[in-house]
Structure formats: structure tokens, C-alpha cells
Amino acid sequence: MKRRVVVTGLGIISPCGNNINDFSANIMSAKSGVRRISSKYSNLLSVKIAGEVDFNPLDYLGKKQVSSLDRVSQFALVAASQAWKDSGLSIDMKEKERSGVYIGSGMGGANTIEEEYDQLFRHNADRIRPFTVLMVMNNAAASHISIEYGLLGPCLTLSTACASSANAIGEAFRQIRDGYVDVMLAGGTEAFLTYGSFRSWESLRVLAVEDPDDPSRSCKPFSKNRTGLVLGEGAAIVVLEEIGRAIHRGASIYAELLGYSSTADGVHITKPSFEGQARTISEALREAGVSPKEIDYINAHGTATQLNDLLETQAIKKVFGDDAYSVPISSTKSMHGHTMGAAGAIEFIVSLLAIKNQAIPPTINLDQPDPECDLDYVPNAGRKDMKVNTVMSNSFAFGGTNAVLIARKFER
Amino acid sequence: MSTLERLKKLFINKFDFNIEELKPETTLENLGLDSLDKIEFMFDIESEFKIKIPDEEFKVVTIQDIVDAVDRFISEQIVGSPNPAMEN
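Taken in order, these protein sequences are the chains called A and B. When we follow the numbering used here, the leftmost residue of the first sequence carries the number 113, and every step to the right adds one. When we follow the numbering used here, the leftmost residue of the second sequence carries the number 223, and every step to the right adds one.
It is possible that some hints are incorrect.
Said to hold, decoys possible - So the derived list for chain B, only partly shown, Cβ under 8 Å to chain A, looks like this: (1) Asp238; (2) Ile261; (3) Phe271; (4) Phe280.
To be verified - A few chain B residues that don't get close to chain A, going by computed Cβ distances all over 12 Å: (5) Glu242; (6) Leu244; (7) Asp266; (8) Ile296.
The set of hints was computed from the structure by calculation and includes no laboratory data. Ideal placement from N, C-alpha and C gives every residue a C-beta, glycine not left out.
Taking the hints into account, I'd like the entire structure generated from these sequences.
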């Protein structure tokens, strides 16, 4: 007997705002969170743009906590606390064993590893910070959240690059659906805007060239003149609950999570496969019991690389047929950048906000349409007063791992 | 500044304590610091006072214990040969 799962709380830290209301307002008003990076090492980089989060951890956390948490965990804890508060959740001792946390992250404690290894390699330090291991380890964020809220069920960290937090949410959904737990905090976090990271990504030659007129316009998904992805950082967490429990306590419900599929292309470590993407979309629709016609909005993976945007367009066409031309699709990476491990969760939240607001956020910087990407990408301006019941969020990662989530407005 | 003053300053910079909480007889347990916090804090003390604290030697319970240990290490290490690791 498969149980039904709903979303009852949201929390976010992002280049477009450090709470749900600000984030929602900013993406709907087409505000870009991409800019020239503020770090001192930017003069050493050839790519100087990113979606940075403007965040002072001491605004949210105590000094002791801040000094024992990498930025990636700081983001996650703050987003989790927003989601928890938003959901109005309180769980008793018995329920704690039936509550868990799944977090996606691609790179874990990137800042700490770089700072401490720098001490070791460049400064010959004979000791580095004792907390290094604990701050760098990929499971830190999930564990800290589990400790903070006393969540004693499964506490896992999923790492599938750009699909990490979509997988985290999807797998958390299955945990509740299949009866293992009743409540899950799920989402992702990434804070990898470090010198080493930037240089690594530069070497891969997938980063966008800075827009000559306006750095904030550098991420151009689905545009003919797109040049690649813009790195971002942030965290997003949702509260998932078994439906009976949520209704019984009078929770506000954002949407019901209907479908999730998780696949691998099995083709290439960077090049996506449109068949793999199409298959993932089809499987998610099948599980959700939803036909393509019923999808009112797709939040695309839309990284603004030549290949992804082209293949994602083809994948949507393969599954939707002619209906592909009637569904609004946007890549909000154009505004918040590619937040890697946090992307799936941030973009799932974008999709839920589309339901909440009955409005669709744009793909910004779309001035030169690409004839090969000829679907409705909601160019440059958001749309209000739309009918948005059922939404789909795509995540297609390096390594060929794909995840698609489908959610529907909940009517009592 | 005395060792005690420098130590109090370190504590306040690192944790959210008030200066009144930090008396010589205050125990680390009172301050809510566990063994893991102590290890981390030792690292900051080593940096601040430019000393090396061997793992076995840091059996401290109160703030005054820390002050005494620090003073002892400072005097021992000035008397001993210069530590090349300190020359950064």
C-alpha cells in the first residue's frame, strides 16, 4: 500500500534571496543573482562571475556553531530551520524515530578543505584545525540537521552532482511512501565557490563567458548565444510528510509529491543523452499517473551549455510530442546560477512556488532565440495569473545521472 | 596582558560567552565545552601563545588550570630549543 506524500515546509538560502518570500519575489521579477565575485582571488581567475550568496552566518547561528561548520553546513542548517518553522512541525519522542533527513551535495565542505590544505601544503603547518575532518566530511550537513531536530530515522547524504538534491527529495519521498518513516527533511546544499573549485571548473571549459555589457546577464539558457554555465551556491530544504499526518495536524500543504524517477544514461561522463533524459521524464510521469498534457510548468535543468539545452529540448519533445509547444518551460539557473548539489532542491522549490503563486518565473537573458530550442521558455518576463496545478522539475547531471520530480497542487 | 586576560579574550572571540562567566574557577563543563571543543580550543591556544601542547598533557578542568598549563608550556619552550614549525 503506497502512502501519499505532501510538502509542508520550505526553506532556502540562494543568490536570489535568503528566504522563500524574497526568493519568490526576485525570481518572478526577473532579478539576476549572478555578478562579479567578491573574493580577493578573482583577479587570478579568467571567469569572474558566479551566483554568490550574501550571507553572514552570525545572523543565524552562534559563534561556536559557526566556527565548527563549513559554509555548506551553515547554509543547510539555516534553510532547514526555515523549513521546519514554516511547516509548524513538532514531533514527539516516538515520532523522532520515524523522521529522517536526506541531503544532496556535490562537494561537501569545499571551503574548509581548501583553507586547511592550503595551511598544510603552502605554509607547512604541522597541525591543522581539529574540526577539519568534521567540517569537510560530506555527511556533515545532514548529521547536523538530524542532531538539531532530533531526527532519528535514516540520515543520508546523496551525491550525484547536479542531481544530488533532486535525488535526495525523491528518495526521501520513497521512504515515506513505502512506510519506513512519516516525516523527512530533504534537500541539498552547495558552497563550492573557492579558488580551487573555480580553477577546476575553468579547466573543464564549460563555464560561461562573461556578458560584455552586464555580468549579471551571463547565464543564457536556451539562447543562441549561450556560452556555458555560471556556478552558484546555496541550500534548499523541504519538509515532506505522510498525507494523513499532515492533514490531521492542520498543516498548510504546498503540493503533493506524485512522482520521481532516478536513472542513468550509461553513455558519457559529461555528455548528456536525450534518450536517457526522455526515459526519466516518461518514468516520472508514469509513476505520477500524469499525462504530458497535464503538466502546466517545467523547471528545466537548463544549464546554458550548448549540449544540455539542445538535448533537453529534444527530450521534452520526444515525450510530449506536439504538447511540448504548449507547456511553459523555464530555466531559473539564468538567475541563481548552477547551484550543483543544491540545484535539484532549489528548482523543486521554484516549481512549488509556481503552484503557490499561480505564476511562472522566466528564463532571463533570452534575447537571441535558438531555432533548435524552439519551445516556450518564458523569455525574460514572468507570467502571473496562470493556471498551475501540476509541475515537473528536471535535473540531468554529469555522470549521466538523471532525476525528475513531479508535484501537484493539493486540493482538500 | 596576563595569560588569564588573553585566554578570556580568546574564549570570547570564539564562543558566545560573557566576560563575567569566565572566572578562574569556572570549569569547562560549566561553559558547556566537551572533549571535542577542548581539542579545537587547544589548537587556538597553541596559535595564540605560540606553544605546542602534547596530547597527553592537557588535563585541565578549570580556566585557571588552562592558565597554569599555558604558563608552564611557555616557560618550558622558551628554555628548550626553538621549534622550526614556529618559524612561519
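Okay, the hints, checked on the actual structure:
Against a cut-off of 8 Å between C-beta atoms, the interface hint on B/Asp238 holds, since the closest Cβ of chain A lies about 5 Å away. For B/Ile261, the interface hint holds, since its Cβ comes within 8 Å of a Cβ in chain A; the closest pair sits about 4 Å apart. Nearest Cβ of chain A to the Cβ of B/Phe271: about 14 Å, over the 8 Å cut. The hint is violated. Hint on B/Phe280 is violated. Least Cβ distance to chain A is approximately 12 Å, over the 8 Å limit.
For B/Glu242, the shortest C-beta to C-beta distance to chain A comes to about 17 Å, beyond the 12 Å cut-off, and the non-interface label holds. No Cβ of chain A approaches the Cβ of B/Leu244 within 12 Å, the least distance being about 14 Å, so the stated non-interface status holds. Distance check on B/Asp266: its Cβ comes as close as 9 Å (rounded) to a Cβ of chain A, failing to clear the 12 Å threshold; non-interface status is violated. The beta carbon of B/Ile296 is kept farther than 12 Å from every beta carbon of chain A, the shortest such distance being approximately 18 Å.
In this structure, the earlier hints numbered 3, 4 and 7 are contradicted, and the remaining ones agree with it.
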